[in-house]
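> Next come the chains, spelled out residue by residue.
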Amino acid sequence: MINNTTKWEVEDVPNDAFLYVRVHKDKIESKGVSVGLPKPSAFKNTPETGPDLSSDWNKYSTPQLSREHIGKEYRHGKDEFKNPSDFFIVSFKVQDILDLDLNQKIEHSPRQDNFPDELQGSPWNHSHCSIIGDAEERRVRMIDVANWEIKP
Amino acid sequence: MTATIKSVVGLNRTIQIKIGNDFYQIPDELSEIASEIRDSKKILNLKYDWDSEGALSVPQFVWERAVKTLISYSKWIWENKGVILVTPSIDALADGSIDIMWNGTKGRLLLNIRNSPISEAHYYGDTYEGKNKFKGVIKNLNEVQTFFAYWLTEFLQ
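Sequence lines, in order, name chains F and R. Quick note: the first sequence uses this note's numbering, first residue 1, plus one each step. Quick note: the second sequence uses this note's numbering, first residue 153, plus one each step.
Simulated from the structure, these hints should not be mistaken for lab results. Beta carbons are placed, not taken as given, at the ideal position from N, Cα and C, and that holds for glycine. One or more of the hints may lead you astray.
[Said to hold, decoys possible] The calculated DSS-like cross-link candidates involving lysine-lysine, where the alpha carbons are at most 27 Å apart (straight line), are: (1) F:Lys59 with F:Lys31; (2) F:Lys31 with R:Lys283; (3) F:Lys151 with R:Lys194; (4) F:Lys25 with R:Lys194.
[Stated by the list, open to error] To spell it out: a stretch of chain F is covered by chain R in this simulated footprint if at least three of its residues, at any positions, have a beta carbon under 8 Å from a beta carbon of chain R; those stretches are: (5) 31-43; (6) 71-85; (7) 137-144.
[Said to hold, decoys possible] Rough simulated footprint, nothing fancy, chain F against chain R, three-plus residues with beta-carbon under 8 Å: (8) 200-214; (9) 243-256; (10) 275-285.
One chain only, chain F, in its complex shape (with noise of 0.2 Å):
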């Protein structure tokens, strides 16, 4: 399937695919029981962007493409980038997320804004991945199966 946005094809994410997360300094536990881990605020979007978590497809990024990628994106609404050091990341397996059997369902979603014009700040992103479905029982259970790649 050809989304008409962009020049990549879509793609089917098979169930041995690993998807890269960033997670935000601010939602690492620092105490008790699950120090160290992502909190569950780590895996609930934005709420300009519908109830998916973005994620980056191993076929197309690494864990440290996805955090430098994370330094060529505005922030929110500014001319000022991001930087990438406030954020790490996870991965997750396509399998384990979808044992867990929460009606999550996980699409190709590749990015080129403006195609065929890459706009500073809001870079294309042929890895991009949504993760779709939110709950509080989702962003408890993702902790189970997250993985550092880049940790704190």
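Chain F is fixed; fit chain R onto it per the hints.
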């Protein structure tokens, strides 16, 4: 909350906390929870885009609703069951809501206080790895719901 003052009420030491216009007496045994509540006030200093990704600030009424709920359940369980709950984390979310997350040795529970005029909270708990799931919505946060308090008592010590 503007101040935390230790006082003596009868034979029981209490901690007094001001939340909004109300004062709350918290048993000294729950001092760690009181401390977490005090620390959580920094949530109110978060400005729009505090996570660089468009996160909303948390309204005062959401924070007050969250900490009052935490106090109500912590006190009820202490006074009725003699149990001190594990101290939860109080955390801001990008949509302006607040999570209260308890991680106990037997179980865990996430209570999300919505950024909404409607006073309700959604919860999910289990005994880890998705076992013995406990989830739903608390429609009335102004009164302790005993079924919810019993679950906290059983699994979140």
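> Among all the numbered hints in the text so far, which are the ones the structure does not match?
Violated: hint 1 alone.
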